[in-house]
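> These are the residues of each chain, in order.
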Amino acid sequence: MPHRLLRFGLSKKYNEPRMFRSPEQLKKSYDVVIIGAGGHGLATAYYLARDHGITNVAVLERAYIGGGGTGRNTAIVRANYLTPEGVAFYDESVRLFQDLSADFDLNLFYSQRGHFTLAHSDASLRTMRWRAEVNKHLGVDSELVDTAFIKEKCPHIDLSCGGHAPVMGALFHPPGAIARHDAVAWGYGRGADQRGVEIHQQTEVTGILVEGDKVTGVQTNRGTVETSKVVCAVAGYTPPLLEMVGIKTPLVIQPLQACVSEPLKPWLDTIIVSASLHLYVSQSSRGELVTGASLDPYPIHSTRSTLDFVEGLSGHLLDLFPFLGDVKIMRQWAGLSDVTPDFSPIMGLSPVEGFYLDAGWGTWGFKATPVCGKTMSYTVAENKPHPLIEPFRLSRFKEFELVGEKGAASVGH
Amino acid sequence: MKIMTCPVNGPRPLQEFVYGGDLTEMPCPDQATDEQWAAYVFERDGAPGLHKEWWYHAPSGVWFIAERDTGTDEICRTYLYND
Amino acid sequence: MTDPIFIERLPAAGDEWIDRDQRLCFSFEGRCHRAYAGDTVSSALWGNGVRLLGRSFKYHRPRGVYSMCGHDANVMLEDGETPNIRGDTTLVEDGMELTAVNTVGSLRHDLAGLNDRMSGFLPVGFYYKAFHTPSWMFPNWERMIRGIAGLGKVNPAAEWKPSPKGYDACDVLIVGGGPSGMAAALAAGRAGGRVVLVEDTRCLGGSLCYAGATAPESAATVNSMRDELEKLENVEVRLNTSVRGCYSENWLAFIGPGGLTKMRATAVVVATGAYEQPAVFRHNDLPGVMLGTAAQRLVHLYRVKPMQRALVLVGNDYGYGVALDLKAAGVEIAAVADFRETIGKGELVHDVKTAGIEILAGQGVYEARPAGGLVGIKGARVCPVNSAGTGLSTSATNVNCDGIVMATGWAPAGDLIGQAGGRLDYVPEAAQFRPGELPPGMFAAGRVNGVFGVDARLEDGEHAGGQAAAFAAGKEVPARRRPADEITAPSYPYPIIKHPKGKAFVDFDEDVQVKDIVNAVKEGYDSVELVKRYATVGMGPSQGKISNLNSSRVLATATGQAVGAVGYTTFRPFTRPTTIGELAGRRFHPDRRTPIHSRHQAAGAVFMHAGAWLRPEYYGPLVRHQAIVREVQAVRRRAGVIDVGTLGKIDVCGADAAEFLERMYTGRFSDLKLGKCRYALMCDESGVVADDGMSARLGDDRFYVTTTSSGSAAIVREMKRWAIIWGLEVTIIDHTGQFGALNLAGPESRRILGRLTDLDIGADSFEYLGFRQAVVAGVNCRLMRVGFVGELGYELHVPAQHAAVLWDAVVEAGQPEEIMPFGVEAQRLLRMEKGHQIIGQDTDALTTPLEAGLAWAVKMAKPFFIGQRSLKIIAPRPNVRSLAGFVMHDSTVMPAECHLVVDGDEICGRVTSIARSPTLGQVIGMAYMRPDQTIPGTVIDICVEGRLVQAEVVKLPFYDPSNERQKS
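Chains as they are written, first to last, in the numbering used here: chain A, 47 to 459; chain B, 3 to 85; chain C, 614 to 1581.
It is worth saying that the hints were derived from the structure and are not from the lab. We put the beta carbon where it would ideally sit given N, CA and C, even for glycine. Incorrect hints may appear among the rest.
[As the list claims (entries may be wrong)] Derived EDC-like pairs: lysine to aspartate or glutamate, alpha-carbon spacing no greater than 20 Å straight-line:
no.: 1; chain 1: A; residue 1: K311; chain 2: C; residue 2: E772
no.: 2; chain 1: C; residue 1: K1485; chain 2: B; residue 2: D32
no.: 3; chain 1: A; residue 1: K444; chain 2: B; residue 2: D85
no.: 4; chain 1: A; residue 1: K197; chain 2: C; residue 2: E772
no.: 5; chain 1: C; residue 1: K1114; chain 2: A; residue 2: E62
[Stated by the list, open to error] Far from chain A, some chain C residues (derived; all Cβ distances over 12 Å):
no.: 6; residue: D692
no.: 7; residue: P829
no.: 8; residue: A974
no.: 9; residue: Q1563
[Said to hold, decoys possible] Which chain A residues face chain C? A few, computed with CB under 8 Å, are given here:
no.: 10; residue: L72
no.: 11; residue: L341
no.: 12; residue: R350
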């Protein structure tokens, strides 16, 4: 029994303070307005307050804290990307994640499991080696491993893959981890709130005021506020907000689905991903199998589930773990992903002064949460892009300087 | 599973179709500025609402246009490109 | 082994679900029990006097029968093969050996039961508040927590069993075979059209099967309706079939005896009934405390006497019927405690009074008094409730009983409505959620629709059936209307009594107590979604079916809102957990085989997957490396033949065919002469290399084009689209699956081919990059003189049915020259010696032709081709990387494909192809590097497992730079 729990048993009163206040009304003006109280928006607020001393900040949330991508992803954290730009960025995120529970004094169940991306063909084996080599060159722990190694770390896997497309090897990334995704938003929310940031839930942005080429304020269903800086951190809900300021991007919104099994005693310690099978799976600390596939094949702004998804996923789960036939799927759900052509985010300044973009998160937003907050807060405070996100600028498209992460992110977990 | 009506083959399950992106018009390559061209190549209308989209019925090889509300996933109309 | 435990049941009754002629034996926690066929595990055990059926997830508290209809998530069993077997709904099979999941030691002596005593130290979300400092300890804590969490164990040796899947369609689907569902089926059936009625239990009747005193005439009603339904040939009834999800456009998934059925319904009537909801008080979770309908199910379906002496806690008139049923089953009724100050005047209430049962009006249960070890209860403390629903402990009185039966209200089983996009609205006067706006084609009837009286349910069902039939027939749909319902207050608004000592459970799956929700709200988790995520209400295996409503009620009180304003969490599939095996079905894994596949098998080919295709990687019996060398040498020295039937093969015909290819490909084709072919490179609109192949001119208005194997479907698709957009007179015919193809290559290939055709194939008459149509080995054949592998060679394309014949003929004709079949690996090596790129291996998702050394194939001066405008933007800039060839003088450390070309810290590029060339006797390769490094003679560093090895950049190709061999 950890001593931290003693206070609960020994006190008759429940003295836990509120995680976040719910301010009655909006102030007349803020230095920064952040749209979206997901992990990214709250992390940006947190680091703005903590590292840059900017505390007159409002985070506006249409629904509830962490209700978008933050609470719908499959909670995988990794840095084994393909491009040097991507690897540097996500590696910083992994580093920040590792200390986050201590920073927040909130247990995020950040659990380093080791992450396998299986290769079922020599072509994917080549891509895995490419990623491993780029990773190692940049100091990220990744390795191309053989089937014996996979079997040792994940003894129950059927490497013959049902005899269809046998596993030939894998990219192994020891720092790969899972975490309690909701708690990441809560932790950032509490930290920001404690430093004076206001979080306004049930507050929908209905307009963004622009004079000349400058942001001057934000209209909401609860009134209008003045501000000269707006951060757009709403992932799958980005395009309608961009319409308000007249910015065009390559973003397309596609659902990403996932599902979860009934709780089981621990049997899977690693994170297993197969791009060929469109599958990723890990076992949560509660014992559920958390699993998902690739993006739905066409754009919809709706979090409906489909039967096709869960049928296909189930078949692929059995390819790798044929003994799971009697295990039950409890629940399926979907989130909205804002996808870019090069599978890299769009971050930083925009053509509208004072309007900052944090978008293009596709299927890889959760793992970027801390670094995103760090770099976006810098970008907002300094009004210049943080060096780590410079390659992710919106203008890279018209400059034909894409950051090609498709090989590492298209089945992005 | 959704049903989509191919203008040639009639109503078929969505699994038989391939999404081909929004219907866009290519600017004249000789007249467009680099920026206009890049916008054509990369920019998309990602907002929810009624979109004119390309869809392909894979078994029969028929391309057609679907007017679909990307907010509700309602397919309002399908027709051949030249209709 | 000891004699099986068996206690005789109540006297037989007409509609019981057990077959007393069939006795079964099974074991539970090592003890033998007898059961009747038709018993569920829970009914058999409870009937045999077992009260401890399982333990809860968090505190490991004893749990017993609660709902008896699939929500008893704490009665989870395992048999060594299958984890998480639901005791309340799983039928006993003879010889079953079951244990409870998730106990430490045994169910009875569960060491983890200590958690319950420690519960004060384990408040809501306790795991967020501890275990993370010091951080090095967390992995140990996590291992412990993971071990404690989780329910059943998987058996990694369990074998996979295929499960069937079926498709079906109907005009009207009715979900639920209770009175309203049957009435709906009759109405829809009489209107014509195909009607399917799905019922998840073993017989029709729904709640009327166990209604007892609450619906005395029910048996007759059900029987006559069943008879009527049987007469309707257009109505199909599926029993033991449960609907698991409703997806867009009334696409529904059932699981039944035949596995998964996917049903397309034009109209759906949701007649799924209601989930009875528990009251909340201290120790409301212990064995002996159960829902009224659970007690009724035990009594009427399984003829089990649920307890000896019961306190019946009611909030509606229904509960009085439950009390009468129990009394009729020989249970002594200690009292009926009615939350309501003013009790009803209905018949059931009257009958209870007449029976001399004490009624405690305006009273609730303050707490249950646990029996020893918390296994069961020995009484209840009953207290008056005030208008706020708070119990007054000071005036609590003791009632001795071994069971508390709760009939305090319902929640609609509205899962399918929610999944389909419908809404449930809270109706305060009924203290119920009811369907609001329903999605098109979906109708609701009966208790799910907030209609409770039997007659009203029948009327409601009939109306909904009529609505659905009209909708399905495309007729005007009658307006929605609510029937007059004699039951106006089915639910008590706040059947919750807080207790200072806690253990008043809202969610049994997750052991969430009232105080947990209140405390979560105090911490700021004050919306229904945040409470769900923080306190885990509704996250367990029963997915909140008997907890979400009370959770919303507690949350509403804690936040000072109305229940309707608090709302409910989103309904998501599945309505019941569904096995991965049922969802996976039979698992088809289609492979594409070329028409020559059998010949490769016979020749000892080792196959590899290339996309969906199976292709020979090399031919045995030699080991891989030796086999490849042998095949390479055969091609270089004599002749070889490879199956290239996986290439995309397309006819482009029409007056504008040449113009079309000009636009699709980067090269020129309008000047391609009849009888000639040419390399064809395609870019996407951003100027990135997309595909390549050969294009041959068959006529003025006809070309034959090949594509890469993996690209063929997409290229055909895109060609068809552009043809439409450009309005060109051109037809695209995909021959990929219709044609087989092989490539005959090597210095002896002309001699071999000459034996098979009358065509003049002399070096001057059928020149390099020539194209002919001729009969070869008796088959009409398209011949291209190509040089992908760098030798004299011919690609022969024939209709698929003749491909094997042609192959046999070529192999036969090549015997004098010792022709060898060669596989993909030898081809890769041969083409690399010749410096030819493979799209996808030597290019990636962002490679332009300028970087890949393919600028020669791009005619920028043309008026237009796809990608040209983008290349015009890119071309003036210096390349970031360029593909070049290299050789290694010292190959003791051999790089692999995708090892990096580095310069200090800088990543300059990567090796895309590398091999030891048997022809040149050295290691050769291609790599991306900085453009300044591509000057022949430059030494580049390649990083191999942390070591830098050196390679010398050379001019491509490595082999036959003057092209003498392929042009010979």
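> Could you run down the list of hints and mark each one as holding or not?
Against the structure, the hints come out as follows:
| no. | hint | in the structure |
| --- | --- | --- |
| 1 | K311/A <-> E772/C | holds (19 Å) |
| 2 | K1485/C <-> D32/B | holds (11 Å) |
| 3 | K444/A <-> D85/B | violated (34 Å) |
| 4 | K197/A <-> E772/C | holds (19 Å) |
| 5 | K1114/C <-> E62/A | holds (18 Å) |
| 6 | D692 | violated (10 Å) |
| 7 | P829 | holds (38 Å) |
| 8 | A974 | holds (34 Å) |
| 9 | Q1563 | holds (17 Å) |
| 10 | L72 | violated (18 Å) |
| 11 | L341 | violated (16 Å) |
| 12 | R350 | holds (6 Å) |
Hint compliance for this structure: hints 3, 6, 10, 11 are not met, and every other hint is.
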